[in-house]
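Participant: In case you want the letters, here they are:
4 protein chains.
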Amino acid sequence: MTDLQDVVDSVYQDLASRIGEGKLADYIPELATVDPKQFGLALCTVDGQVHTSGDADTSFSIQSISKVFTLTLALGKIGDGLWKRVGREPSGNAFNSIVQLEQEKGKPRNPFINAGAIAVADVVLAGHLPKEAIGEIVQFIRYLADDETIAIDHDVARSETNTGYRNVALANFMRSFGNLNHPAEHVLGVYFHHCAIAMSCRQLAHAGLYLASAGRNPLSGGSVVSSGRARRINALMLMCGHYDGSGDFAYRVGLPGKSGVGGGILAIAPGKASIAAWSPGLNENGNSLLGSAALELLAQRTGWSVFGQ
Amino acid sequence: MTDLQDVVDSVYQDLASRIGEGKLADYIPELATVDPKQFGLALCTVDGQVHTSGDADTSFSIQSISKVFTLTLALGKIGDGLWKRVGREPSGNAFNSIVQLEQEKGKPRNPFINAGAIAVADVVLAGHLPKEAIGEIVQFIRYLADDETIAIDHDVARSETNTGYRNVALANFMRSFGNLNHPAEHVLGVYFHHCAIAMSCRQLAHAGLYLASAGRNPLSGGSVVSSGRARRINALMLMCGHYDGSGDFAYRVGLPGKSGVGGGILAIAPGKASIAAWSPGLNENGNSLLGSAALELLAQRTGWSVFGQ
Amino acid sequence: MTDLQDVVDSVYQDLASRIGEGKLADYIPELATVDPKQFGLALCTVDGQVHTSGDADTSFSIQSISKVFTLTLALGKIGDGLWKRVGREPSGNAFNSIVQLEQEKGKPRNPFINAGAIAVADVVLAGHLPKEAIGEIVQFIRYLADDETIAIDHDVARSETNTGYRNVALANFMRSFGNLNHPAEHVLGVYFHHCAIAMSCRQLAHAGLYLASAGRNPLSGGSVVSSGRARRINALMLMCGHYDGSGDFAYRVGLPGKSGVGGGILAIAPGKASIAAWSPGLNENGNSLLGSAALELLAQRTGWSVFGQ
Amino acid sequence: MTDLQDVVDSVYQDLASRIGEGKLADYIPELATVDPKQFGLALCTVDGQVHTSGDADTSFSIQSISKVFTLTLALGKIGDGLWKRVGREPSGNAFNSIVQLEQEKGKPRNPFINAGAIAVADVVLAGHLPKEAIGEIVQFIRYLADDETIAIDHDVARSETNTGYRNVALANFMRSFGNLNHPAEHVLGVYFHHCAIAMSCRQLAHAGLYLASAGRNPLSGGSVVSSGRARRINALMLMCGHYDGSGDFAYRVGLPGKSGVGGGILAIAPGKASIAAWSPGLNENGNSLLGSAALELLAQRTGWSVFGQ
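Residue numbers (the working numbering), protein chains in the order written: chain L, 1090 to 1398; chain R, 1090 to 1398; chain D, 1090 to 1398; chain B, 1090 to 1398.
Calculated directly from the structure, the hints in this document are not laboratory data. Treat the hints with care, as some may be off.
Chain copies aren't distinguished; within one or between two, either way the pair holds.
[Stated by the list, open to error] Below, a list of computed lysine-lysine pairs in the DSS-like style, where the Cα atoms sit at most 30 Å apart: (1) K1173 <-> K1194; (2) K1112 <-> K1173; (3) K1194 <-> K1112; (4) K1196 <-> K1166; (5) K1196 <-> K1126; (6) K1220 <-> K1166; (7) K1196 <-> K1361; (8) K1196 <-> K1220; (9) K1361 <-> K1220; (10) K1126 <-> K1194.
Next up, chain L with everything else stripped away, as it sits in the complex (with noise of 0.2 Å):
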């Protein structure tokens, strides 16, 4: 199958009857009042095409998905400084454990947890207010999508930040150990808006194409991070993009992703196309059910696992 309209659309319809599987995140008590029945798809080939189906331009929380931009802002800012404060390996720990954290004083795992996000969070606010830090994730997500029309759901922010206890604890957990500029409420601040960011399976897949095209966005042309840190950045999605279902991912699909709770999965087909899918139903760790079994299928159908045909 070469045309990949139809193999988007054939990926959609052979998951169409089970949408509505798996269980919405809760622990967000805005996340769970979503409509579990939706199943979007969207893909960005290298070479400017897009090809979408189902709910592909329905805005969504991306929540844990936004990591890959903030820590694509915090590696321009300081480069492999930041392996200094946060470490390069899978977890083998769920997403928000804080036992790792203890055993390794206070350095996070990989930037892909929350307390590496929450660190890499805390170099993106480096001499800014939180605002201003928020503002700039925004406008780099923007450009990232060429829409300006990308926004916070506020609602969503706020749902994080009274109910965030374990990332509060986790914050203040590395700021005891000295892994933390910041004031835990200025960095959680920034943490959780860039999480309540919402945007649809379109403008994601778009967002995410300079990691498929060698770090440049090839619908506007813009150089946005070098090869090699494109590369890398892919590296990392593919060893910790679904916390403790990373594995399971890379046997399954072979392709590196990050998802988010609020059931989006962003992978990255280097040399061929981002793609972008989303439904509200999670599997057992934490990942989008239907997301999931459409980039495994849809990876089967086109041949792009990293790992070999």
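Could you slot chains R, D and B onto chain L? The hints should help.
Facilitator: Then chains R, D and B, alone, in the frame of chain L:
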């Protein structure tokens, strides 16, 4: 640089001044006696070209690299049933840690940490005497490498048998959870012997070629595994092949790989080539220091990283 | 040696040459400024005799010793209901470890590790403003010591408030599991202030006398708790009163005791006496080095070990 | 109530209706075949009185209670040198956990968890054949109980030998850290056999009397250990004698004690008496359900809690 022989030679030359760096494995007495000043590279392409440099024809103890081949055998025997007994996630711990095993009730995180490979050996042993199972593994590797001279180094096997208390602990611990079907000493007999197989870089690159080539051995023309299985083994190698340094290897090199404490590394560039690097000195994660550096350079110069050019 | 004043004096004399040994607590800045060359002892018998030696009338920060008094208050408020929220087992971990808290879903192991004492403060806070709860604790201790001059050292309280990130983490972590009913900053306000209460050895020995005397204060004649409750608080002190050095204290001294990082220790000889020792230098477990040594000698010379003569 | 025979009888009567409660140990097959409807009590005072009730003369498998006697022997052999190999702190973990052992590099937390008792057996074994060491332990216990009929239940010993994979793991794990001087199978031979010693409540209370009586056996007049050593063994029993239920036992009963999965408990009232309780059904911590309840009542009615009346 497009001539692969030139690439292999240039990598060797650029690192030649560092030969001898790193630390020999010392917990297996026989390995501590190896001359550290050795360094070899071999690369087999999917169209059958072979390129070598340095000590590419010197045999060394493949140690944990053998786990790739026993995994292939065990999947051939019981297929996905294996995943009831062994997980597919990175461990986030040292290669011989027992902590994870207690927390997850005797199920090892993946087939490449010691506990997982012991469970795999238990599968290969089913219906056989230990001697027969060891023979089957050796025959399989000879077939893959098309070389009947490959053999076990019995001094190394004996060296491990006498000192491998930690592995005896792991095996009995799994058995206490019912995740070992044969007596621990039988399973460890198989395990210690397959780890003690000696191969050269040339033989190893040849033996791994099926993983680069959709499951078929292009030199002999035979099919070893399905293309899907080759892909999935590659995924496991990338996620878990370098113990607690897997993330770092993915970040720097970007190829599925499996290291052994004998100083060897087998790396796979899917659709391109199988590559073996060897130098006995290890880095702090227990992976070949020069071997890792060689593969990093080689991936850069060939553009073969699975994460993009 | 039967004259208790002679015992107290001899213990002081035998250790006087070591005054200044140990390491000041440095994680609370205000405590790091204390003169380390101080050493005091006070002993109150159940029949109302008081014996002191050295700096027995110098006030110091009682820190975690205050947890004995807040535990007594919390048990008075909700009785055995407390044990739904806090365990009664030794922790096998450092005093501020968060690992156990994750494994046991937010329930601290005992009321004397930081997390447990924070949960106890949450109980004392119920129905009050933080200021009122703090006032109640101070009044209770003044009543126990029969001394209205006992007060909070606000410099110390402020010093902890500014640096207590680890405790903020613990509190929020418990709150994420639903094991904290009030805002973390309110509970920690109570916690930091009761830890900052300043007392002399004389006052402390007097205040703890109810635990030696079946729950009654023999000096005032009043009943504080039932004899059964006094006995059980003593059991908790013996099992958990010295963090990860509790076993060592039981082995060497053989008396229920509670230490604080200010260098104080309150020890109870049931049916005999309440004893306070203080010297700011700490041993590797964070307990007063000279205080521990003094209590070991005193237990030997009086034969008061609960484990036999 | 001052007549001790009345106390013992009343405790038995008050619990008789609950005989059979609890769960038999099932991980040692031979123990799972014991009749659960048995309950015995025996109490020896330091002045040589013996009081019993119920099945006080029925032999049962003392299991971990034997660790008190092997600890006494090992201290006799190498004194405080033992504490280089074994700690003295509660474990905060299950009796057969291996996690702590990895974190603390092969040094068990205390001599009463399995790993610690295996290290103790290694000390007793020094200079002997396993058979001789076992013989020495049996002779020592016969001497303590003044009863030559005490013997090993070889069916139980065999039952453990065949299924004790977890203990094999612990022993080899310690050996991998250099904390075992003899082959694991020799040490475990000693360990499994001393755990399989069978004794009645009457014999056990008699054997433990030296701990209640300052190290001397008042019935025979002989000195077993110094008074200081008896005191310290009592401290260890209180802190660590009931695995992860030690805190609960101290809180409820308030006496040093050591339990075994055969349903027996030896408790010491220093200066007063040695007490043995036995009933095979266990509570959730693996300690005798009725035995614990009996000792709680007995401590209440005698006022013998070490924590006050």
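Participant: Is it within, between, both, or neither for K1220 and K1166, if the alpha carbons may be no more than 30 Å apart?
Facilitator: within (18 Å within a copy, 44 Å between copies)
Participant: At most 30 Å between C-alpha atoms: does K1112 with K1173 qualify within a copy, between copies, both, or neither?
Facilitator: between (37 Å within a copy, 24 Å between copies)
Participant: Could you place K1194 and K1112 in one of the four classes (within, between, both, neither) given a Cα distance threshold of 30 Å?
Facilitator: For K1194 and K1112, only the inter-copy Cα distance (22 Å) is at most 30 Å; the intra-copy one is 34 Å.
Participant: Up to 30 Å between alpha-carbons, please classify K1126 paired with K1194: within, between, both or neither.
Facilitator: neither (43 Å within a copy, 32 Å between copies)
Participant: Using 30 Å as the alpha carbon limit, work out where K1196 and K1126 are close: within a copy, between copies, both or neither.
Facilitator: Answer is neither; intra-copy 39 Å and inter-copy 36 Å both fail.
Participant: At most 30 Å between alpha carbons: which applies to K1196 and K1220, within, between, both or neither?
Facilitator: Cα proximity of K1196 and K1220: one copy only (26 Å, versus 36 Å across).
Participant: Indicate which option fits the pair K1196, K1166 if close means a Cα-Cα distance not exceeding 30 Å: within, between, both or neither.
Facilitator: within (19 Å within a copy, 40 Å between copies)
Participant: How do K1173 and K1194 come out at 30 Å by Cα distance, when the copy is not named: within, between, both, or neither?
Facilitator: both (12 Å within a copy, 27 Å between copies)
Participant: Indicate which option fits the pair K1196, K1361 if close means a Cα-Cα distance not exceeding 30 Å: within, between, both or neither.
Facilitator: Neither: 34 Å inside a copy, 37 Å across copies.
Participant: Can you tell me if K1361 and K1220 fall within 30 Å by alpha carbon in one copy, between copies, both or neither?
Facilitator: neither (36 Å within a copy, 48 Å between copies)
In summary, the numbered hints that this structure violates are 5, 7, 9, 10.
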